[in-house]
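Visitor: Going down the list, the protein sequences come from chains A and B. Letter 250 of the first sequence, counting from 1, is numbered 250 in our numbering, and no numbers are missing. Letter 15 of the second sequence, counting from 1, is numbered 15 in our numbering, and no numbers are missing.
These are calculated hints, taken from the structure and not from any lab test. Don't take every hint at face value.
To be verified - Examples of chain B residues toward chain A, derived with CB under 8 Å: (1) A190; (2) L387; (3) R423.
Said to hold, decoys possible - Computed cross-link-like contacts, DSS-like style, restricted to lysine-lysine with a CA-CA straight-line distance of at most 27 Å: (4) K113(A) to K210(A); (5) K394(B) to K210(B); (6) K85(A) to K113(A); (7) K70(A) to K210(A); (8) K70(A) to K113(A); (9) K85(A) to K70(A); (10) K397(B) to K85(A); (11) K69(A) to K85(A); (12) K215(A) to K342(A); (13) K113(B) to K70(B); (14) K69(B) to K394(A); (15) K85(B) to K69(A); (16) K113(B) to K85(A); (17) K69(B) to K85(B); (18) K70(B) to K397(A); (19) K394(B) to K85(A); (20) K394(B) to K113(A); (21) K215(B) to K69(B); (22) K70(A) to K342(B); (23) K113(B) to K342(B); (24) K70(B) to K85(B); (25) K69(B) to K113(B); (26) K113(A) to K69(B); (27) K70(B) to K207(B); (28) K69(A) to K215(A).
Ideal Cβ positions, reconstructed from N, Cα and C, are used throughout, including at glycine.
2 protein chains.
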Amino acid sequence: MRSRRTSRRRTTSSARTIEIQSLTGFRDFYPDELALRQHVFSAWRRVGARYGFTEYDGPPLEPLELYTKKSGDEIVGQLYHFTDKGGREVALRPEMTPTFARMIAARAGGLPKPIRWFSIPQLFRYERPQRGRLREHFQLNMDIVGETDPLADAEIIAAAIDALRELGLDHTHIVARISDRRLVSAILSALGVEAIDHAAVFGALDKLEKEGPEKVGATLRERGLSDGAVDRILALGPLSLEGIAETFAADAGVADAAAPLVEVIGHLEASGFADYVRFDASLVRGLAYYTGTVFEIWERSGELRAVCGGGRYDDLLSALGGVDLPALGFGMGDVVLCELLKDLDLVPPRSARVEDFLICVTEDERATALALARALRDRGRRVSYDLRARAVGKQFKSANQAGAARAIVLGPEESARGVASVRDMASGDEREVSIDALMNGDNHGKG
Amino acid sequence: MRSRRTSRRRTTSSARTIEIQSLTGFRDFYPDELALRQHVFSAWRRVGARYGFTEYDGPPLEPLELYTKKSGDEIVGQLYHFTDKGGREVALRPEMTPTFARMIAARAGGLPKPIRWFSIPQLFRYERPQRGRLREHFQLNMDIVGETDPLADAEIIAAAIDALRELGLDHTHIVARISDRRLVSAILSALGVEAIDHAAVFGALDKLEKEGPEKVGATLRERGLSDGAVDRILALGPLSLEGIAETFAADAGVADAAAPLVEVIGHLEASGFADYVRFDASLVRGLAYYTGTVFEIWERSGELRAVCGGGRYDDLLSALGGVDLPALGFGMGDVVLCELLKDLDLVPPRSARVEDFLICVTEDERATALALARALRDRGRRVSYDLRARAVGKQFKSANQAGAARAIVLGPEESARGVASVRDMASGDEREVSIDALMNGDNHGKG
Numbered sequence: 001m002r003s004r005r006t007s008r009r010r011t012t013s014s015a016r017t018i019e020i021q022s023l024t025g026f027r028d029f030y031p032d033e034l035a036l037r038q039h040v041f042s043a044w045r046r047v048g049a050r051y052g053f054t055e056y057d058g059p060p061l062e063p064l065e066l067y068t069k070k071s072g073d074e075i076v077g078q079l080y081h082f083t084d085k086g087g088r089e090v091a092l093r094p095e096m097t098p099t100f101a102r103m104i105a106a107r108a109g110g111l112p113k114p115i116r117w118f119s120i121p122q123l124f125r126y127e128r129p130q131r132g133r134l135r136e137h138f139q140l141n142m143d144i145v146g147e148t149d150p151l152a153d154a155e156i157i158a159a160a161i162d163a164l165r166e167l168g169l170d171h172t173h174i175v176a177r178i179s180d181r182r183l184v185s186a187i188l189s190a191l192g193v194e195a196i197d198h199a200a201v202f203g204a205l206d207k208l209e210k211e212g213p214e215k216v217g218a219t220l221r222e223r224g225l226s227d228g229a230v231d232r233i234l235a236l237g238p239l240s241l242e243g244i245a246e247t248f249a250a251d252a253g254v255a256d257a258a259a260p261l262v263e264v265i266g267h268l269e270a271s272g273f274a275d276y277v278r279f280d281a282s283l284v285r286g287l288a289y290y291t292g293t294v295f296e297i298w299e300r301s302g303e304l305r306a307v308c309g310g311g312r313y314d315d316l317l318s319a320l321g322g323v324d325l326p327a328l329g330f331g332m333g334d335v336v337l338c339e340l341l342k343d344l345d346l347v348p349p350r351s352a353r354v355e356d357f358l359i360c361v362t363e364d365e366r367a368t369a370l371a372l373a374r375a376l377r378d379r380g381r382r383v384s385y386d387l388r389a390r391a392v393g394k395q396f397k398s399a400n401q402a403g404a405a406r407a408i409v410l411g412p413e414e415s416a417r418g419v420a421s422v423r424d425m426a427s428g429d430e431r432e433v434s435i436d437a438l439m440n441g442d443n444h445g446k447g
Numbered sequence: 001m002r003s004r005r006t007s008r009r010r011t012t013s014s015a016r017t018i019e020i021q022s023l024t025g026f027r028d029f030y031p032d033e034l035a036l037r038q039h040v041f042s043a044w045r046r047v048g049a050r051y052g053f054t055e056y057d058g059p060p061l062e063p064l065e066l067y068t069k070k071s072g073d074e075i076v077g078q079l080y081h082f083t084d085k086g087g088r089e090v091a092l093r094p095e096m097t098p099t100f101a102r103m104i105a106a107r108a109g110g111l112p113k114p115i116r117w118f119s120i121p122q123l124f125r126y127e128r129p130q131r132g133r134l135r136e137h138f139q140l141n142m143d144i145v146g147e148t149d150p151l152a153d154a155e156i157i158a159a160a161i162d163a164l165r166e167l168g169l170d171h172t173h174i175v176a177r178i179s180d181r182r183l184v185s186a187i188l189s190a191l192g193v194e195a196i197d198h199a200a201v202f203g204a205l206d207k208l209e210k211e212g213p214e215k216v217g218a219t220l221r222e223r224g225l226s227d228g229a230v231d232r233i234l235a236l237g238p239l240s241l242e243g244i245a246e247t248f249a250a251d252a253g254v255a256d257a258a259a260p261l262v263e264v265i266g267h268l269e270a271s272g273f274a275d276y277v278r279f280d281a282s283l284v285r286g287l288a289y290y291t292g293t294v295f296e297i298w299e300r301s302g303e304l305r306a307v308c309g310g311g312r313y314d315d316l317l318s319a320l321g322g323v324d325l326p327a328l329g330f331g332m333g334d335v336v337l338c339e340l341l342k343d344l345d346l347v348p349p350r351s352a353r354v355e356d357f358l359i360c361v362t363e364d365e366r367a368t369a370l371a372l373a374r375a376l377r378d379r380g381r382r383v384s385y386d387l388r389a390r391a392v393g394k395q396f397k398s399a400n401q402a403g404a405a406r407a408i409v410l411g412p413e414e415s416a417r418g419v420a421s422v423r424d425m426a427s428g429d430e431r432e433v434s435i436d437a438l439m440n441g442d443n444h445g446k447g
């Protein structure tokens with residue numbers, strides 16, 4: 001919807017100017033949209049701090065090889081990449097993890113473990129323009145580096161859930177689907193699938209929702225899996241952890257591989273998140289680098305949308321940054337989330353922008369008004385006034401337009417007595433307050 | 001200094017990985033640097049709100065023509081620009097004003113005037129790599145659109161000063177140099193300089209500090225100015241407004257042209273900023289589009305550096321966006337400012353990251369600890385704990401490392417009695433508190 005808005009824009013172009021539009025897939029943030037973005041970012045930052053995470057950031061432009069190294073050359077097709085004037089191949093960052101890995105690697109020795117960092121980068125992808133698809137979005141990234149214990153997995157999932165709870169979403173709106181690639185691998189082994197084929201099976205399973213069981217089943221059979229194995233793989237989705245334990249009771253490998261996930265879910269239940277989490281053996285996630293726990297948070301109702309995805313990637317930092325440290329994390333984008341908040345009426349009303357609107361009856365009061373504005377602002381109050389001499393009625397109109405909580409009227413007669421008339425804009429109540437008291441803050445809480 | 005750091009980085013690369021460095025001139029923001037950046041951005045946002053301004057943002061990537069239209073093709077040499085996969089010429093934004101003009105123009109009719117907006121974009125320039133020169137920085141942009149009265153000029157200059165005062169800088173650190181192109185133009189006319197040459201004289205005067213009076217004098221004489229006119233132009237710098245009024249008493253045009261500036265400075269004095277502002281007739285600013293008030297804020301001591309520049313550009317929105325509205329504003333970058341804050345020891349210490357560090361004596365207390373963490377975080381407290389079972393001494397070490405204010409120790413004996421031991425990490429004082437009270441927040445303010 002947003003990108004289509006661009007084409008509907010009309011401006012009052014004068015004859016000598018050409019209207020230049022923004023690039024397709026890039027958003028303008030007018031004050032209302034920026035306020036919602038800040039609302040989301042502030043909530044994310046509060047949750048980051050509550051979980052003991054610190055914020056970092058990196059460059060929006062990186063060497064192209066930082067991404068091809070991780071994902072191979074096929075990723076180039078989706079990248080916003082260029083050759084710069086120095087002949088260097090560069091790309092607008094499509095994800096934060098390679099930058100994160102580079103930064104961690106550069107200081108790995110000096111950072112106490114586990115490292116708990118978060119970031120809110122703007123990310124870019126070059127996609128063919130189509131119905132409302134954006135080429136940029138913001139994404140909360142939270143990661144823990146240097147810890148293999150399932151407590152870390154539970155911690156990062158809890159933080160992801162709280163990043164949404166902080167915005168007013170609860171277990172009636174969202175659910176975290178959780179699985180573990182080690183467990184699914186053990187199940188595949190128990191079903192006779194060779195280890196070398198597991199990655200391909202993950203890739204096929206990841207398309208289950210989109211392509212349906214028939215097509216995925218065919219893909220699996222093409223890879224040489226037996227009909228029986230394929231049927232049992234496709235039936236994994238609805239199974240509970242207990243169901244899997246029963247089904248594969250004979251296979252110790254499956255029970256062993258289930259242990260970390262059982263712990264993760266147990267910790268989340270102890271944390272009071274039982275209503276938010278659901279084991280889902282059909283969840284594998286598309287990216288190749290996950291090594292253990294994987295999870296996605298979905299909205300429950302209406303048109304199902306994923307708002308968050310992540311997992312454990314114990315080998316990636318070694319491959320990307322040259323430091324051998326276990327790690328896990330998630331990404332949560334702003335676009336689907338903000339749509340969801342709007343759909344659920346969870347966008348907060350914008351708070352009154354202005355607290356005190358100053359009104360001068362004549363220009364003789366201007367100097368007093370300016371001194372008062374300075375005094376009020378120095379105490380942190382939000383102050384505005386008309387930026388030219390106008391009739392009092394028009395100034396009150398401006399005060400209304402600014403959403404001011406109170407109007408402070410300075411007039412010649414009152415000024416002579418050292419007072420101003422203070423009007424509560426909601427109730428209309430007016431009373432006289434000494435200008436000294438207004439200057440010194442003896443009265444700023446009340447109309 | 002920052003960009004040189006890159007080359008000093010060393011990582012423990014394993015044989016199969018190649019270290020990829022960030023691009024020259026781009027900063028990584030590790031937690032300490034990000035904390036300083038957030039400190040500055042938060043101060044800017046507070047000041048913006050206090051002046052009744054609302055925040056906006058636009059895309060970091062824009063069509064190249066958005067910039068060439070304003071500044072001509074010569075600007076392309078300094079732009080980070082590319083041809084994208086669709087064959088479109090695009091550029092990483094080097095400044096915010098063209099985006100601002102585009103956004104204002106698209107909704108000009110519906111926005112109440114004056115428009116008071118601010119933004120904190122990251123901006124990009126392609127410069128040859130040299131000693132510490134960056135290719136990106138962040139910049140506070142504040143603008144007022146739709147008001148010609150000098151009150152608006154005073155307001156924007158006051159906001160710029162307060163954006164620095166909010167960070168601990170005062171009139172002993174900074175000074176705002178203020179002038180008005182209309183006044184300098186009137187003086188040039190009084191000196192017999194043709195109107196058509198004024199822009200060239202502004203351009204020459206802007207180089208006065210860098211090139212010295214001899215070279216600038218020669219440039220002016222080359223343009224056909226008389227020796228007498230050149231001498232008097234070069235002597236403008238130290239003149240006060242009163243001095244100018246005296247010198248050009250015979251020329252009514254100069255007195256008329258001085259009127260807005262006299263008002264601006266009068267308003268700033270009424271606002272209590274007399275110590276912060278200084279008229280400086282030699283200030284013209286380099287950019288061609290200024291039409292009236294111009295100002296720059298400089299640090300006073302040590303190596304002089306400008307931290308802010310701006311002015312009135314009444315014709316630019318019409319040229320750029322096709323809406324004929326007067327406007328004024330300023331830009332304030334983060335790089336020089338953060339150097340200045342560091343030099344003046346105005347970087348705040350990082351606040352204690354963690355408030356409560358939870359310690360489990362045995363894993364039997366884990367579930368209680370997780371429930372307590374959830375309860376504390378739901379009340380907004382910053383909570384952390386070790387993400388695996390460890391000896392109590394090591395957990396206390398982690399609590400210290402995290403800068404925790406208090407450690408909450410859960411042990412089997414205490415848990416049986418429904419209490420936890422709470423240690424104030426600064427004083428070492430320890431006392432027992434009921435777990436219920438900790439859960440319900442009856443006790444969270446105290447150790």
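Visitor: Check each numbered hint from earlier against the structure, then list the numbers of those it violates in ascending order.
Guide: 1, 3, 4, 5, 6, 10, 12, 14, 16, 18, 19, 21, 22, 23, 26 and 28
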